[in-house]
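J.: Residues per chain are reported as follows:
There are 2 protein chains.
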Amino acid sequence: MIGVLGGGQLARMLALAGYPLGERFAAVDPSPECGVRDLARLIVAAYDDPDALDWIAEHCDVVTYEFERVPAASARRIAERTPVHPHPGVLDVAQDRLIEKELFTRLGLATPAFVAVSTRAELEVAAASVGLPAVVKTRREGYDGKGQFVVRARADLDRCWDELGGKDLIVEALVDFDRELSVLAVRSAAGEAAVYPVVENLHHRGILRVARAPAPALAPELQSAAESYARSIMAELDYVGVLAIELFQLGDRLLGNEMAPRVHNSGHWTIEGAVTSQFANHLRAITGRPLGSTRALGHSALVNLIGTLPDPDEILRVEGAHLHLYDKEPRPGRKLGHVTLVADDPDELQERLGRLRGLVD
Amino acid sequence: MIGVLGGGQLARMLALAGYPLGERFAAVDPSPECGVRDLARLIVAAYDDPDALDWIAEHCDVVTYEFERVPAASARRIAERTPVHPHPGVLDVAQDRLIEKELFTRLGLATPAFVAVSTRAELEVAAASVGLPAVVKTRREGYDGKGQFVVRARADLDRCWDELGGKDLIVEALVDFDRELSVLAVRSAAGEAAVYPVVENLHHRGILRVARAPAPALAPELQSAAESYARSIMAELDYVGVLAIELFQLGDRLLGNEMAPRVHNSGHWTIEGAVTSQFANHLRAITGRPLGSTRALGHSALVNLIGTLPDPDEILRVEGAHLHLYDKEPRPGRKLGHVTLVADDPDELQERLGRLRGLVD
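Line order of the protein sequences matches chains A and B. Counting the first sequence from 1 gives a position; the numbering used here is that position plus 1369. Counting the second sequence from 1 gives a position; the numbering used here is that position plus 1369.
One chain only, chain A, in its complex shape (with noise of 0.2 Å):
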């Protein structure tokens, strides 16, 4: 048995993606509500309840998460006794955003230039150093466009310090990017990696809305800096299964801009546009299996469903139209499914889009 913590929709997919090679699952959640309920043996408690984390070690072979914000010292605990992967020392990195991007730049991949800052006076400091606008982020606990502030004149910096002050905190250039990608890579406990198209995102208030893949005109050279990237990631941090980058574009640089060690939104697409699905990847990376194919099968786009859901109808009417619903109740701002597109050629795809993103906005 597989353990999961969390038992959203990214558990709920690596459990539909899991079944068919014989695994099972348990996912500890504290809503009885959640995703995978349906899917999974659910432990309903908190994710540091210590006998729900001890039944997880006793009954899993193996314990992976779905969330980057599980804490560590949960991972830890399970650690003790079975295998976790990613491993929990992962999460030390991926759950700070300073510590991050100090290990980016280490390995050779650029980021916008930051400061960490901890006063109102390095506040201050830092905002001339890294120059305006800069946006100013909790070094920890910020997903999807939370615990962060974009600071364009000296004057914004009293209200972030309102809003953000008494956390560590980091300040980043805002960079002024063509676009932004995402890279998603995979490895075995063997060593064993692969790494798929390069993807490239829209976002929107900070929540991912549109990816296209592979990131449409992107230079041959620019997918493989991003390759190797993340294979050199991957090794620096003896990491098992699959790896999320986002990265910025600015011209033919690639810019670092965080990581996250799980499956990823922006790499949905993969369940149909891909050989291999990073669910499927990632479950064969963590039970130490042989890792499949990350290429990909024509060109795909993925449209995520937002806050309420059109009628699904509508949309399988859509030709090479995939519904993937997450059984959750509407509420504003939240991912409730996502519907991915498959099609030959990219003027098809573009078509196809269009059609989709009219039923969708």
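Treat the hints as calculated values from the structure; they're not laboratory data. Hints should not be assumed to be uniformly reliable.
Treat identical chains as interchangeable: a pair holds within one or across any two.
Calculated lysine to any residue pairs in the SDA-like style (CA-CA distance at most 25 Å, straight line) [stated by the list, open to error]:
#1 1515 - 1618
#2 1704 - 1464
#3 1515 - 1498
#4 1515 - 1627
#5 1697 - 1393
#6 1704 - 1390
#7 1697 - 1430
#8 1697 - 1659
#9 1515 - 1441
#10 1697 - 1573
#11 1697 - 1407
#12 1536 - 1484
#13 1536 - 1488
#14 1697 - 1428
#15 1697 - 1410
#16 1536 - 1465
Guided by the hints, dock chain B onto chain A, whose structure is given.
T.: Only chain B this time, still in chain A's reference frame:
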């Protein structure tokens, strides 16, 4: 919630296809160890257990079945309270080889010569009329080669009668076909229909071993003819769901062998090898949603894993191999899983299929 009579691998794959569409599942099966047990609310009961049937009727929005031997009376009992697709009258046809073949011939799909038989004397006459070799089958209850006897000489008739006598029988000419084919089709309640590419099937000891789709070197006229038969039969039966029709090819002719009113082993390749899988399309049909494209993606092959399981890692090392395990205990002759291969061209497929068969045989 969708109810399924039967909790084996077909129910399992229906459930795996249905969760992304937002469906939930309940299943009735006499075995608590059946393959769907982790993916559905499982009612462990006989297929004619009135409490189980009534529970399903009360709690499910629509009910279907994964095997055609389900008691028609059970389907009718449920249908009094909630929709059953395909409707129970279809079972009367599919459970009787005589009625089935009469339907085929009435709709223009020729079959091997056949005669109904109930007595030893009739068997003698039938053998003379149909000619030898002939295959004698029980009209009802036969599947996967069971309940069949091949009569090559008149001297075999005694042993045949010893084995099958007392039941209603059908004597069919043993046709010297070129190959076995199947056509899978789907029809919605609104009368929308779609047909998958015809599949070539290789059986051994009455069990499907390998299928290739689209059937190699099939004349377009035969694909059209098969589509036409499938559409006629579905329209005649006012059919809702996926229907499989097994065919014999003799030169440029197609003969109807039998039909299965359900998702079918020879359609498992559609999970990765078609735009919309047979499982997703069956669910779309029975829930009143629009059907999805039945177009093939490249060239696919399906290899059944029967009796024993090879090392999964060896299978997963074959490029493009997709493993599907059914979570069943190994037993001689038992279908334990299947592997699908998808390739861009037939030569590539043949090469991979050769490697895979080397692992499986």
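J.: Classify it for me, residue 1536 with residue 1484: is the Cα-Cα distance of at most 25 Å met within a copy, between copies, both or neither?
T.: Within one copy only: 14 Å inside a chain, 85 Å across chains, cut-off 25 Å.
J.: Taking 25 Å as the upper bound on the Cα-Cα distance, should residue 1697 and residue 1428 be classified as within, between, both, or neither?
T.: For residue 1697 and residue 1428, the Cα distance is within 25 Å only across copies (21 Å; inside one copy 27 Å).
J.: Taking 25 Å as the upper bound on the Cα-Cα distance, should residue 1536 and residue 1465 be classified as within, between, both, or neither?
T.: within (12 Å within a copy, 74 Å between copies)
J.: Give the relationship of residue 1515 and residue 1627 under a CA distance limit of 25 Å: within one copy only, between copies only, both, or neither.
T.: within (14 Å within a copy, 60 Å between copies)
J.: What label fits residue 1536 with residue 1488 when the C-alpha limit is 25 Å: within, between, both, or neither?
T.: Within. Shortest intra-copy distance 9 Å satisfies the 25 Å Cα cut-off; inter-copy 90 Å does not.
J.: One pair to classify: residue 1704 and residue 1464, alpha carbons no more than 25 Å apart. Within, between, both, or neither?
T.: Within one copy only: 22 Å inside, 46 Å across.
J.: Have a look at residue 1697 and residue 1410 and pick one of within, between, both or neither, based on CA distance no larger than 25 Å.
T.: Intra 18 Å, inter 19 Å, cutoff 25 Å: intra and inter.
J.: Within, between, both or neither: how does the pair residue 1515, residue 1441 come out at a Cα-Cα threshold of 25 Å?
T.: within (21 Å within a copy, 57 Å between copies)
J.: Could you figure out if residue 1697 and residue 1393 sit no more than 25 Å apart (CA to CA) within one copy, between two copies, both or neither?
T.: So residue 1697 and residue 1393 pass the 25 Å test inside a copy (22 Å) and across (13 Å) alike.
J.: Please work out whether the CA atoms of residue 1697 and residue 1573 approach to 25 Å or closer within one copy, between two copies, in both situations, or in neither?
T.: Intra 21 Å, inter 46 Å, cutoff 25 Å: intra-copy only.
J.: Give the relationship of residue 1697 and residue 1407 under a CA distance limit of 25 Å: within one copy only, between copies only, both, or neither.
T.: both (12 Å within a copy, 20 Å between copies)
J.: Pop the pair residue 1515 and residue 1498 into one bin, within, between, both or neither, using alpha-carbon distances up to 25 Å.
T.: within (24 Å within a copy, 81 Å between copies)
Consistency note: the structure conflicts with none of the earlier hints.
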